[in-house]
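Trainee: Residue numbers (UniProt numbering): 1 to 203.
FYI, nobody ran anything at the bench for these hints, they're computed from the structure. Careful, some of the hints might be misleading.
[Claimed, not checked] Computed spacing ranges between beta-carbons, pair by pair:
hint, residue 1, residue 2, range
1, T66, A140, 19 to 29 Å
2, I190, V122, 18 to 28 Å
3, V105, L200, 18 to 28 Å
4, V108, S83, 29 to 39 Å
5, Q167, A194, 34 to 44 Å
6, V129, S37, 22 to 32 Å
7, I115, N156, 43 to 53 Å
8, L119, I148, 42 to 52 Å
9, G41, A147, 33 to 43 Å
Since the model is a prediction, treat every value here as computed from it, not as a measurement. By construction, the Cβ of each residue, glycine as well, lies at the ideal position given by its N, Cα and C atoms.
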Amino acid sequence: MEKSEATTIEIGETSRESKGKTPLLAEVEQTARTAGSYRRGVAIFDLILRVSAATSALAATITMGTTEQTLPFFTQFFQFQASYDDLPAFTFFVIALSIVTGYLVLSVPFSVVCIAQPLAAVPRLLLIVCDTLTVTLATAAASSSAAIVYLAHNGNADANWLAICQQFGDFCQRVSGAVVASFVAVALLIFMVALSALALRKR
Numbered sequence: 001m002e003k004s005e006a007t008t009i010e011i012g013e014t015s016r017e018s019k020g021k022t023p024l025l026a027e028v029e030q031t032a033r034t035a036g037s038y039r040r041g042v043a044i045f046d047l048i049l050r051v052s053a054a055t056s057a058l059a060a061t062i063t064m065g066t067t068e069q070t071l072p073f074f075t076q077f078f079q080f081q082a083s084y085d086d087l088p089a090f091t092f093f094v095i096a097l098s099i100v101t102g103y104l105v106l107s108v109p110f111s112v113v114c115i116a117q118p119l120a121a122v123p124r125l126l127l128i129v130c131d132t133l134t135v136t137l138a139t140a141a142a143s144s145s146a147a148i149v150y151l152a153h154n155g156n157a158d159a160n161w162l163a164i165c166q167q168f169g170d171f172c173q174r175v176s177g178a179v180v181a182s183f184v185a186v187a188l189l190i191f192m193v194a195l196s197a198l199a200l201r202k203r
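Work the whole structure out from these sequences, hints included.
Mentor: What follows is the structure, given as structure tokens:
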């Protein structure tokens with residue numbers, strides 16, 4: 001009789017211990033599923049933003065790189081021509097935005113990995129670092145070109161720089177559009193960095 005009572009007590013204690021652990025494990029699993037769903041949604045949105053930013057950067061690069069205008073003056077031997085490569089800032093713009101576009105295209109597979117494995121922190125951290133560097137490059141190119149576009153439209157009387165947009169209207173219109181598209185890409189990149197940081201912080 002004493003042996004049976006001891007056995008009964010041990011079984012009861014074991015069952016109580018298992019019942020105490022089950023809700024805790026269920027809560028942990030539920031938290032992991034919630035965090036995974038949140039990060040997967042962020043990764044999908046990041047992929048959409050990444051493709052949009054790549055499209056904006058590509059449009060800015062092509063627009064600036066194909067911009068030139070020639071004004072005939074009396075004969076075909078005397079002509080005024082404006083081209084993007086006449087200005088170092090615009091040349092830097094084309095090179096920098098080409099790099100940005102290439103990076104965004106190459107980063108798409110990493111964004112897809114973040115969708116497939118939302119709890120993986122290494123790909124997301126790598127994207128944050130590279131996106132931040134890309135934001136810096138794109139901002140530098142867009143800002144320097146914006147300053148040149150401003151001078152082209154308004155000139156500078158103190159430095160005796162004349163506004164050329166009255167003569168080269170098409171040229172100024174295209175470079176202005178390229179600068180606007182580059183700032184759109186910059187804004188999308190900044191949003192991607194912030195979104196990725198929030199996804200990593202979510203537990």
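Trainee: It remains to establish, for every hint, whether it holds in the given structure.
Mentor: To see whether the hints hold, each was checked on the structure:
1. Separated by about 22 Å at the C-beta atoms, T66 and A140 satisfy the suggested range of 19 to 29 Å.
2. A beta carbon spacing of about 22 Å between I190 and V122 agrees with the range 18 to 28 Å that was offered as a hint.
3. Between V105 and L200 the CB atoms are about 23 Å apart, so this pair conforms to the stated range of 18 to 28 Å.
4. Take V108 and S83: their Cβ atoms lie about 33 Å apart, and the range 29 to 39 Å holds.
5. Checked against the hint of 34 to 44 Å, the pair Q167 and A194 passes, with Cβ atoms roughly 42 Å apart.
6. At about 25 Å, the beta-carbon gap between V129 and S37 stays in the expected band of 22 to 32 Å.
7. A hinted range of 43 to 53 Å holds for the C-beta pair I115 and N156, which are about 49 Å apart.
8. Judged by the Cβ atoms, the range 42 to 52 Å given for L119 and I148 holds: they are separated by roughly 46 Å.
9. The given range of 33 to 43 Å is respected by G41 and A147, whose C-beta atoms sit roughly 39 Å from each other.
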